[in-house]
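Chains A and B, in that order, give the protein sequences.
One point on numbering: in the numbering used here, the residue at position 23 of the first sequence is 23, and numbering is uninterrupted.
Every position in the second sequence, counted from 1, becomes a number in the numbering used here once 1000 is added.
A few of these clues could be false.
Stated by the list, open to error - Taking lysine-lysine pairs in the DSSO-like style, the calculated list, with each CA pair at most 30 Å apart, reads:
#1 A:Lys46 x A:Lys106
#2 A:Lys17 x B:Lys1043
#3 B:Lys1058 x A:Lys46
#4 A:Lys54 x A:Lys106
#5 B:Lys1043 x B:Lys1065
#6 A:Lys54 x B:Lys1043
By construction, these hints were calculated from the structure, which means they are not laboratory data.
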Amino acid sequence: QSVLTQPPSVSAAPGQKVTISCSGSNSNIENNYVSWYQQLPGTAPKLLIYDNNKRPSGVPDRFSGSKSGTSATLGITGLQTGDEADYYCGTWDSSLSAGVFGGGTKVTVL
Amino acid sequence: QVQLVESGGGVVQPGRSLRVSCAASGFTFNTYAMHWVRQAPGKGLEWVAVISFDGNNKYYADSVKGRFTISRDNSENTVYLQMNSLTAEDTGVYHCARSSRWLQLGADLWGRGTLVTVSS
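Here chain A stands alone, though its shape is the one from the complex (with noise of 0.2 Å):
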């Protein structure tokens, strides 16, 4: 049980634009940033979106990160084949004084 929550997948048509949720608490999500990080099959994760909202270099701008509150969310527009990962959420937690993920959710290109 991860103490961030994300659907356990999302899927959509190629062009098309899908939203990931990352839900926490304020112990978590809403007094910490928020990073997103894509995993594709047999590799390392990579960092897309780090302080709740800014993309490394190299990251296209069609992936997007915000926060609201004690939830987060991941958009990526005009999904595209390559997207087809598995992508956390991840932050600090306060209470726990430990860093914590959400359990992922594995994007599907149809």
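Use these hints to put chain B onto chain A, whose structure you have.
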């Protein structure tokens, strides 16, 4: 080349110990906090531990507290994870990752991981 390379994984019997390492290169290692994150087969990411840039502060997941110890050698650009009293639940790929901020999870560089299998 900016990279993190883990090593030291393998098959170990329940109750035994193992130390995994993560060698950093291509960046100023002693300015980053370092995390260990593991992934059981077919499962999601689980944060394990973090150590501050100078090694003076450390935090652990409850699932490993008292059994695992994170440490670093800034002269060798290496971070370690000493794992004692291993159980089958510790099986997985262990990744190291760096973050530029203390007590924030934004990890912008990850290693490919080293596989630890706990089995008799």
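Quick check: which numbered hints come out false for this structure?
Failing hints: none at all.
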